[in-house]
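Reminder that position 459 of the first sequence reads as 459 in this note's numbering, one-by-one numbering, no gaps.
Simulated from the structure, these hints should not be mistaken for laboratory data.
It should be emphasised that the depicted structure is a prediction, and the values quoted were computed from it without experimental measurement.
Hints may contain errors.
[Stated by the list, open to error] List of simulated lysine-lysine pairs, DSS-like, C-alpha gap at most 25 angstroms:
#, residue 1, residue 2
1, LYS318, LYS74
2, LYS365, LYS407
3, LYS74, LYS152
4, LYS58, LYS74
5, LYS183, LYS132
6, LYS78, LYS183
7, LYS13, LYS192
8, LYS78, LYS13
9, LYS12, LYS78
10, LYS23, LYS12
11, LYS58, LYS78
12, LYS78, LYS318
13, LYS152, LYS12
14, LYS365, LYS58
15, LYS192, LYS74
16, LYS78, LYS365
17, LYS13, LYS23
18, LYS78, LYS23
19, LYS183, LYS152
20, LYS74, LYS365
21, LYS12, LYS74
[To be verified] The following label-pair restraints were derived from C-beta to C-beta distances:
#, residue 1, residue 2, range
22, LYS58, ARG304, 46 to 56 angstroms
23, LYS365, LYS132, 35 to 45 angstroms
24, ASP434, THR250, 45 to 55 angstroms
25, PHE236, GLU315, 42 to 52 angstroms
26, ALA465, PRO443, 26 to 36 angstroms
27, LEU496, GLU369, 33 to 43 angstroms
28, GLU82, VAL14, 25 to 35 angstroms
29, GLU315, THR250, 15 to 25 angstroms
30, LYS12, THR250, 25 to 35 angstroms
31, GLU131, ASP181, 27 to 37 angstroms
32, GLU151, GLU117, 28 to 38 angstroms
Beta carbons are placed, not taken as given, at the ideal position from N, Cα and C, and that holds for glycine.
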Amino acid sequence: MPLRVHDTRRRKKVDFTTIEPGKVRMYVCGITPYSPSHLGHARCYVSFDIVHRWLEAKGYDVTYVQNFTDVDDKIINKANEEGIEFSQVAERNIEDYYSVMDAMNVLRADHYPRVSETIDGIIAMIETLLEKEHAYVGDDGVYFHIESAPEKYGMLTGQNIEAVRAGAGGRVGGTGSGKRDHKDFALWKFAKPDEPQWESPWGAGRPGWHIECSAMSLQYFGEQFDIHGGGEDLRFPHHEAEIFQSECCTGTSPLVHHWMHNGFVNVDGEKMSKSLGNFWTISQAMEQFEPLTLRHALLNAHYRNPIDFSEQFLEDGKRSQGRLEDTYREALLASDGGAAKNLTTLPRPNLGEEGLSHSMGMLEKLAEECAMAMDDDFNTREALAKINAALRQISNTLGNGLGEDDKRAFATYAVEWMEEFAGQALGLLPSRDDALAEPAEDPRRAELAPKVGELLVQRAAAREAKDWPAADAIRDELAALGVTVMDTAEGPVWELD
RNA sequence: GCGUCGGUAGCAAAGCUUGGUUACGCGAUGGACUGCAAAUCCAUUUUACGGGGGUUCAAAUCCCUCCCGGCGCUCCA
């Protein structure tokens with residue numbers, strides 16, 4: 001099955017091709033670690049984690065590079081405020097990034113280069129650009145001159161340079177006073193006091209914002225690579241700047257074969273931003289919701305479309321994720337009980353039984369459809385619809401009074417099915433150990449347990465005596481504590497709302 | 001203004017490239033189960049495709065046109 005990928009430059013889905021057969025070179029713009037990671041980051045890196053995982057599932061050898069922009073105004077300002085080194089601010093937020101991404105089952109990239117470690121490559125690239133007269137040295141820095149390659153303007157945004165020329169004027173801001181033209185952008189900024197700085201042929205300073213990605217991709221991949229990803233907002237100017245820098249430096253075009261951009265996270269219909277005060281860090285969201293719930297919710301929309309982040313959005317994710325984990329646990333237990341960790345593929349169930357044969361057939365069909373959905377520009381929403389159908393199928397079949405051997409074999413097949421799609425491809429399954437483990441004790445729950453236990457004993461007595469009003473009164477009392485009681489065949493179970 | 005992405009049932013969100021069959025989920029309603037509930041399961045929720053034209057045997061899907069939103073054009077995933 002061919003993989004189709006939406007390419008921002010060509011503005012349509014195209015067949016995915018690689019420069020080198022079987023190998024994928026993928027670069028995704030990483031964070032500027034000046035503050036803890038927010039939901040926008042979660043969306044971005046979960047989206048590209050899906051790309052990463054699916055390409056590997058399809059047998060590609062993927063090299064995934066993601067940078068950290070650890071030299072930047074905001075980091076420097078933060079460091080100066082706190083009176084610490086810029087690198088300490090960066091380090092702290094990079095740690096936060098790793099920890100929340102790990103929690104959300106985001107697989108690590110192969111390389112995480114940092115600006116502060118790529119200075120030589122950056123300087124070399126700027127030198128070449130100066131030699132080729134695509135850049136010039138101004139009063140306060142070195143700039144890339146857009147008019148030296150006007151044909152590259154608007155590659156990702158469709159903007160027309162003539163229109164921008166016409167609309168120009170009075171836009172040369174304070175940060176770029178040495179610019180010859182307002183469209184030009186900084187490659188190197190000369191040092192100001194209290195700033196980290198490195199020596200260069202043009203004077204001490206630090207890199208401009210865009211150049212590091214060009215230098216890093218050149219360093220790891222050479223002149224061209226297969227996928228470049230990032231948030232929607234990076235299309236312009238950042239990604240277009242990369243095209244200018246890299247292609248003008250190497251003379252090779254196109255720099256990137258497939259440009260991929262993920263959509264935004266909005267909150268209540270508005271763009272999430274610090275200034276609007278509707279800002280959520282990932283850690284904050286995780287105080288209320290499990291990391292995999294967050295991941296599930298994010299995958300419940302197509303990666304290119306905007307998400308409107310709301311309570312409902314997460315509650316839906318929680319419910320779906322809960323059903324997924326419940327079914328997974330059920331299948332694990334049915335497959336081999338406690339030895340489930342060491343599952344091996346058992347013979348297929350006896351297909352002589354009609355219902356079972358039908359069920360297996362359904363799962364095989366759903367597996368195909370799921371793969372097709374992922375092949376269609378990573379349509380996780382569609383894939384989850386197929387997974388839902390599979391969960392229902394699995395759950396029904398397991399509950400349908402199969403013979404013991406058939407049940408175990410079917411459960412094993414079901415476990416493998418779920419691990420292939422929900423697990424490896426979408427990253428939504430916990431480990432087998434975690435899936436089988438008792439849920440971690442909620443401190444609130446531990447606190448309430450003695451009281452609840454006592455009330456449940458009283459209620460059991462009332463029920464035994466068929467004193468329903470008394471039993472219901474106790475249930476109401478529990479409800480007031482936020483406790484929901486569920487009577488099961490094994491006795492009452494309770495949970496906190 | 002220029003650019004770009006979108007407008008799909010009560011809510012939410014796939015499908016549009018390659019026209020012809022159901023999305024999936026939430027909610028609601030009914031049923032099974034229960035002392036009653038909860039949880040779970042089953043079923044129903046069908047002139048769903050922004051308006052208007054056009055092409056076609058057939059349009060959510062292709063073409064034209066209009067209306068309405070989001071976002072980008074300054075730092076942002």
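Hints and how they fare:
Between the alpha carbons of LYS318 and LYS74 the distance comes to roughly 35 angstroms, so the proposed pair goes past 25 angstroms and is violated. Restraint check: the Cα-Cα separation between LYS365 and LYS407 comes to about 20 angstroms, which is no more than 25 angstroms; the hinted pair holds. Taking the CA atoms of LYS74 and LYS152, the gap is near 29 angstroms; set against the 25 angstroms cutoff, the hint is violated. Between LYS58 and LYS74, the direct Cα distance comes to roughly 40 angstroms. Violation of the 25 angstroms bound is thereby established for this hinted pair.
With a C-alpha separation of about 19 angstroms, the suggested pairing of LYS183 with LYS132 holds against the 25 angstroms cut-off. Using a Cα cut-off of 25 angstroms, the hinted pair LYS78 and LYS183 is violated, with the two alpha carbons roughly 28 angstroms apart. Distance check on the hinted pair: LYS13 and LYS192 sit about 45 angstroms apart at the alpha-carbon level, beyond 25 angstroms; violated. Our distance criterion of 25 angstroms between C-alpha atoms is broken by LYS78 and LYS13, whose separation comes to about 41 angstroms.
At roughly 41 angstroms between alpha-carbon atoms, LYS12 and LYS78 are farther apart than 25 angstroms, so this suggested pair is violated. A threshold of 25 angstroms between alpha carbons decides the hint, and for LYS23 with LYS12 the separation of about 23 angstroms falls inside it, so the pair holds. About 43 angstroms separates the Cα atoms of LYS58 and LYS78, which puts this hinted pair outside 25 angstroms; it is violated. Simply put, LYS78 and LYS318 have alpha-carbon atoms about 36 angstroms apart, too far for the 25 angstroms limit, and the pair is violated.
Between the alpha carbons of LYS152 and LYS12 the distance comes to roughly 19 angstroms, so the proposed pair stays at or under 25 angstroms and holds. About 18 angstroms separates the Cα atoms of LYS365 and LYS58, which keeps this hinted pair within 25 angstroms; it holds. Under the criterion of a C-alpha separation no larger than 25 angstroms, the hint pairing LYS192 with LYS74 is consistent with the structure, at around 14 angstroms. At most 25 angstroms may separate the alpha-carbon atoms for a hinted pair to count; LYS78 and LYS365 exceed this at roughly 54 angstroms.
Annotation: proposed proximity of LYS13 to LYS23 holds, straight-line Cα distance about 20 angstroms (limit 25 angstroms). Annotation: proposed proximity of LYS78 to LYS23 is violated, straight-line Cα distance about 40 angstroms (limit 25 angstroms). About 13 angstroms separates the Cα atoms of LYS183 and LYS152, which keeps this hinted pair within 25 angstroms; it holds. At roughly 51 angstroms between alpha-carbon atoms, LYS74 and LYS365 are farther apart than 25 angstroms, so this suggested pair is violated.
At most 25 angstroms may separate the alpha-carbon atoms for a hinted pair to count; LYS12 and LYS74 exceed this at roughly 35 angstroms. Checking the proposed 46 to 56 angstroms range against LYS58 and ARG304 shows it is violated: the Cβ atoms sit about 20 angstroms from each other. Restraint check, LYS365 to LYS132: a C-beta distance of roughly 56 angstroms breaks the suggested window 35 to 45 angstroms. At roughly 47 angstroms, the beta-carbon separation of ASP434 and THR250 lies within the given 45 to 55 angstroms, and the hint holds.
A hinted range of 42 to 52 angstroms for the beta carbons of PHE236 and GLU315 is inconsistent with their spacing of about 35 angstroms. Between ALA465 and PRO443, the C-beta spacing of about 35 angstroms keeps the proposed range 26 to 36 angstroms intact. About 38 angstroms separates the C-beta atoms of LEU496 and GLU369, a value consistent with the hinted range of 33 to 43 angstroms. The hint said 25 to 35 angstroms for the Cβ distance between GLU82 and VAL14, and at roughly 47 angstroms that hint is violated.
At about 49 angstroms, the beta-carbon gap between GLU315 and THR250 misses the expected band of 15 to 25 angstroms. Between LYS12 and THR250 the Cβ separation comes to about 26 angstroms, which falls inside the hinted range of 25 to 35 angstroms. At roughly 20 angstroms, the beta-carbon separation of GLU131 and ASP181 lies outside the given 27 to 37 angstroms, and the hint is violated. Between GLU151 and GLU117, the C-beta spacing of about 33 angstroms keeps the proposed range 28 to 38 angstroms intact.
Consistency with the previously given hints fails for numbers 1, 3, 4, 6, 7, 8, 9, 11, 12, 16, 18, 20, 21, 22, 23, 25, 28, 29, 31, ordered from lowest to highest.
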